[in-house]
Each structure stands twice: as structure tokens, then as C-alpha cells.
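Build out the structure end to end from the sequences listed, making use of the hints.
The numbering used here applies: residue 2 is where the sequence shown begins, and numbers increase by one.
If you're looking for bench data, these hints aren't it; they were derived computationally from the structure. Treat the hints loosely; a few may be bogus.
Said to hold, decoys possible - Taking lysine to any residue and the SDA-like style, the derived pairs with C-alpha atoms no more than 25 angstroms apart in a straight line are:
| hint | residue 1 | residue 2 |
| --- | --- | --- |
| 1 | K229 | Y214 |
| 2 | K161 | K102 |
| 3 | K32 | D43 |
| 4 | K102 | Y44 |
| 5 | K270 | V142 |
| 6 | K328 | K358 |
| 7 | K346 | S365 |
| 8 | K75 | A6 |
| 9 | K161 | V142 |
| 10 | K144 | G132 |
| 11 | K102 | I11 |
| 12 | K18 | D42 |
| 13 | K299 | G380 |
| 14 | K270 | K346 |
| 15 | K328 | S305 |
| 16 | K75 | G177 |
| 17 | K346 | E307 |
| 18 | K299 | P284 |
| 19 | K75 | P28 |
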Amino acid sequence: MPNAAPPHFIIKNRFQKGGLYQDFLTPDILKDICLRVTGRDDYTVYFDDNEYNIGRLAVLEYNERRSYISFSEKEIRGRNSSFQSFPSALSRFILDGFPDKEICFYFHPETTGSFETDYFIFMYRLMRTAGVRLLNIDEHVTKNTVAFTAPEDVIAQKDKLRSKAAGNKSSYVTRGEDGEIQVYAKTYGANKYESTLICIALARISPFGIELYEIEEGGLKSLPAISKQAILASGAVTLETSTNEIEIAEFIQNDSLRSIKFIYNLLEKFGQKRCAFCECEIPQIIQGAHIWPVAAIKQEPGLSLEEKLGFALDGHNGLWLCENHHKLLDSGTLFLAESGAVKYKGVLGNSDVAFVKKITTVSSLSQNCLHADFVTYVGKRNVGFLEAAYSDLT
Numbered sequence: 002m003p004n005a006a007p008p009h010f011i012i013k014n015r016f017q018k019g020g021l022y023q024d025f026l027t028p029d030i031l032k033d034i035c036l037r038v039t040g041r042d043d044y045t046v047y048f049d050d051n052e053y054n055i056g057r058l059a060v061l062e063y064n065e066r067r068s069y070i071s072f073s074e075k076e077i078r079g080r081n082s083s084f085q086s087f088p089s090a091l092s093r094f095i096l097d098g099f100p101d102k103e104i105c106f107y108f109h110p111e112t113t114g115s116f117e118t119d120y121f122i123f124m125y126r127l128m129r130t131a132g133v134r135l136l137n138i139d140e141h142v143t144k145n146t147v148a149f150t151a152p153e154d155v156i157a158q159k160d161k162l163r164s165k166a167a168g169n170k171s172s173y174v175t176r177g178e179d180g181e182i183q184v185y186a187k188t189y190g191a192n193k194y195e196s197t198l199i200c201i202a203l204a205r206i207s208p209f210g211i212e213l214y215e216i217e218e219g220g221l222k223s224l225p226a227i228s229k230q231a232i233l234a235s236g237a238v239t240l241e242t243s244t245n246e247i248e249i250a251e252f253i254q255n256d257s258l259r260s261i262k263f264i265y266n267l268l269e270k271f272g273q274k275r276c277a278f279c280e281c282e283i284p285q286i287i288q289g290a291h292i293w294p295v296a297a298i299k300q301e302p303g304l305s306l307e308e309k310l311g312f313a314l315d316g317h318n319g320l321w322l323c324e325n326h327h328k329l330l331d332s333g334t335l336f337l338a339e340s341g342a343v344k345y346k347g348v349l350g351n352s353d354v355a356f357v358k359k360i361t362t363v364s365s366l367s368q369n370c371l372h373a374d375f376v377t378y379v380g381k382r383n384v385g386f387l388e389a390a391y392s393d394l395t
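Pasting the structure below:
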């Protein structure tokens with residue numbers, strides 16, 4: 002026998018930009034949701050006129066179970082606006098201490114627009130990975146939205162999306178030196194909400210730790226407080242923040258500059274970690290190598306501290322190099338010419354030359370690497386070195 006008390010909706014009624022949810026969620030829509038969630042189509046509803054609705058969210062309580070339901074827009078206008086609300090709903094769900102709960106997503110029956118793009122499919126898959134129940138997706142989306150099962154799948158799909166939208170500098174997912182998953186999260190605009198969903202989804206499938214790095218942008222230094230609380234609630238994520246103040250302190254104290262912002266800028270320029278001299282793609286041994294070294298930048302006269310830091314963090318002032326090639330370049334065993342040619346020290350013994358040639362499979366950087374600023378940094382690096390003292394690899 003069904004419970005005597007019917008399912009009960011609690012909905013904050015006010016849109017942040019004007020309008021009421023009681024007009025957006027008609028009785029027929031609430032009936033449909035109720036039937037899908039509880040198996041019953043009778044319900045009661047309370048629209049709270051006193052508060053704004055954050056997350057396009059309704060809460061449905063029935064039989065001591067609480068269901069959070071977030072809704073799509075009616076008109077899908079773009080990737081950013083469409084997914085700013087759901088992670089807010091997800092965060093509220095995670096932080097609710099109610100013992101028996103679930104999180105759902107419901108397509109409004111009047112939804113129109115481009116909601117089957119590659120980016121939208123990626124987000125639906127992340128939602129499933131995060132444990133979201135997509136109530137009526139099969140009635141609106143024809144493409145496969147299966148959950149991700151491994152972090153590598155998330156990384157690969159995110160890279161594909163970034164290559165198609167190079168101008169959208171969104172969050173980046175990669176691996177660190179110990180195999181841990183690293184999420185470089187932008188704190189500005191819609192990207193901060195994307196970062197929230199990525200971290201929560203990865204926390205459910207990754208056997209490794211997850212490091213979340215906040216990248217300061219647009220004057221915002223951190224993700225929304227509720228997002229961070231929800232992300233950290235998983236227990237699988239550690240958090241570090243990059244601000245101008247932190248980067249200055251690191252620059253002053255350490256010539257190697259273990260900089261969150263520098264690594265992010267290299268990811269922006271080159272993509273995933275791949276040694277520029279041998280194309281090794283093992284992330285645990287790939288490092289961000291400065292072209293104009295930090296120690297030399299510090300000694301440069303006539304520059305302010307802010308200017309020196311800018312040069313040290315510039316993505317054009319770096320390459321991905323494996324540990325071997327990073328050391329070979331810094332020791333002067335290898336030489337990088339302004340033309341992009343990679344050369345070796347002429348005084349090396351025959352066996353050493355053979356080894357260097359064997360492991361250095363790239364004899365010249367591609368023209369895509371040779372941005373004018375990059376070439377300038379190479380020139381700065383090579384002050385005091387004689388190119389004539391080095392030999393071509395070929």
C-alpha cells in the first residue's frame with residue numbers, strides 16, 4: 002500500500018533574474034517528475050516566495066527519502082549558461098546530511114537548442130559518473146551518455162574538447178609526478194562550475210589522489226565556498242591555490258619555481274605533458290622546464306619584481322621535458338638554438354654522443370613552438386653560450 006502521505010515538493014520560487022518557478026514547473030511537469038522518482042503521480046507542493054532558487058532546484062520528500070531534482074533550461078543558449086546551475090544543486094545535495102537521498106536531473110519538456118554537442122555529452126557523462134540520475138534524458142538525447150569508468154577517459158575527452166574550442170580557456174585535467182590526478186581549475190565564470198563537476202566525478206572513479214589547483218582569474222582567487230566544501234567532502238581531493246601573492250613568495254624563495262600558474266600556462270600552450278625532445282608521454286617524468294631560467298631572470302637588472310614574475314610564469318618561457326632532457330638542457334649538454342634546432346655538446350665522447358642521439362628523437366622544434374616570445378627567451382638563455390661549440394643531432 003502506498004504511504005498515506007503523498008510525495009511533497011519544496012521549491013524556492015524566485016528566479017534570480019526575475020520570474021517564478023511555479024510558472025516554469027507546471028502541474029503536469031511536477032506530476033511527471035513525481036511519477037518517475039517515486040512511482041506515484043499525486044503530490045503536494047510548497048513554493049517558497051521568500052528566497053531565490055539556486056541550482057534550478059526542487060526537493061522532493063517521500064517515505065523518508067529526499068530527492069534533489071535540478072532542471073534544464075527551456076532554451077539552451079550556450080554551454081556556459083546551461084551548466085552554471087547544476088553544480089550548485091549538486092553541491093547542496095552533497096552537503097545535505099540527510100541519510101537517504103539522491104540527486105536527479107530533468108529535461109524540461111519544452112527544452113530547445115543545441116544540447117547534444119560534444120561538450121554537452123561530456124557533461125552528461127560527468128553527471129552520470131558523479132552519481133546523478135538522469136530522469137528523462139533518453140527522450141531528449143540520442144547520443145551515448147554512459148558514465149566514465151577511468152580518469153584517463155575523462156582526460157582524453159577533455160583534451161578533445163579543448164582542441165575544438167581553443168579560445169575557451171577552461172579547466173585542465175592531467176597527471177602529476179606520482180600518478181595523482183591534477184585538476185587546474187579556473188575560478189572565473191562558468192569554468193568554475195565545470196571544475197566542481199569534474200572533481201566530484203573524478204573522486205568517484207579515481208584510485209589515485211586528486212589535487213585541485215585554483216587558478217586566480219578575473220580578480221577571483223578561489224572557487225565558490227559551497228563548491229569547495231562539496232569537493233573536499235569526498236575526502237579524495239586536496240586543494241592548493243595560486244594567487245599573485247603566493248606566486249611572488251615562491252619566486253623569491255625558490256629558483257626552480259614550483260608554480261601552479263606556470264604549469265597551467267604550459268598546459269594552455271602545449272596541451273598534455275609530452276617531452277619536446279623525445280615525445281615521451283609518461284606524465285610522472287615530464288616536467289615544466291624554463292627556457293630563460295628563473296635564477297637568471299632574478300638577476301636581470303632594470304626589472305620590477307612583478308615584471309620578473311611575469312617572465313617566470315609565461316607559458317612561452319617553457320617546454321615540457323622529461324627528466325633526462327631537462328637535466329641535459331640545464332647542464333649545457335644539449336643546446337636549443339633560436340631556430341628551434343636541438344644540438345649536443347661537441348666535446349662529448351663517442352659513447353655519450355650515441356646515447357644522446359638515441360634518446361633525443363626530435364632534432365628541431367616545430368614552427369608552432371617558435372612564437373616570437375619563445376625565441377626571445379631562447380636568446381636570453383643562450384647568452385654566454387657559443388652555438389658553434391654544439392653539433393647537429395642529424
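Here's how the hints hold up against the structure:
1. K229 - Y214: Since the Cα atoms of K229 and Y214 sit roughly 11 angstroms apart, the hinted pair holds (cutoff 25 angstroms).
2. K161 - K102: violated (34 angstroms)
3. K32 - D43: Given that 25 angstroms is the threshold and the Cα spacing comes to 7 angstroms, the pair holds.
4. K102 - Y44: Holds - the C-alpha atoms of Y44 and K102 are around 18 angstroms apart, at most 25 angstroms.
5. K270 - V142: violated (34 angstroms)
6. K328 - K358: holds (15 angstroms)
7. K346 - S365: holds (16 angstroms)
8. K75 - A6: Violated, at roughly 31 angstroms.
9. K161 - V142: holds (20 angstroms)
10. K144 - G132: holds (19 angstroms)
11. K102 - I11: At roughly 15 angstroms apart (the allowed maximum being 25 angstroms), I11 and K102 satisfy the hint.
12. K18 - D42: Violated: K18 and D42 sit about 31 angstroms apart, past 25 angstroms.
13. K299 - G380: holds (16 angstroms)
14. K270 - K346: violated (29 angstroms)
15. K328 - S305: violated (29 angstroms)
16. K75 - G177: Outside the cut-off at roughly 40 angstroms; violated.
17. K346 - E307: Judged against 25 angstroms, a Cα distance of about 35 angstroms means the pair is violated.
18. K299 - P284: Judged against 25 angstroms, a Cα distance of about 29 angstroms means the pair is violated.
19. K75 - P28: holds (16 angstroms)
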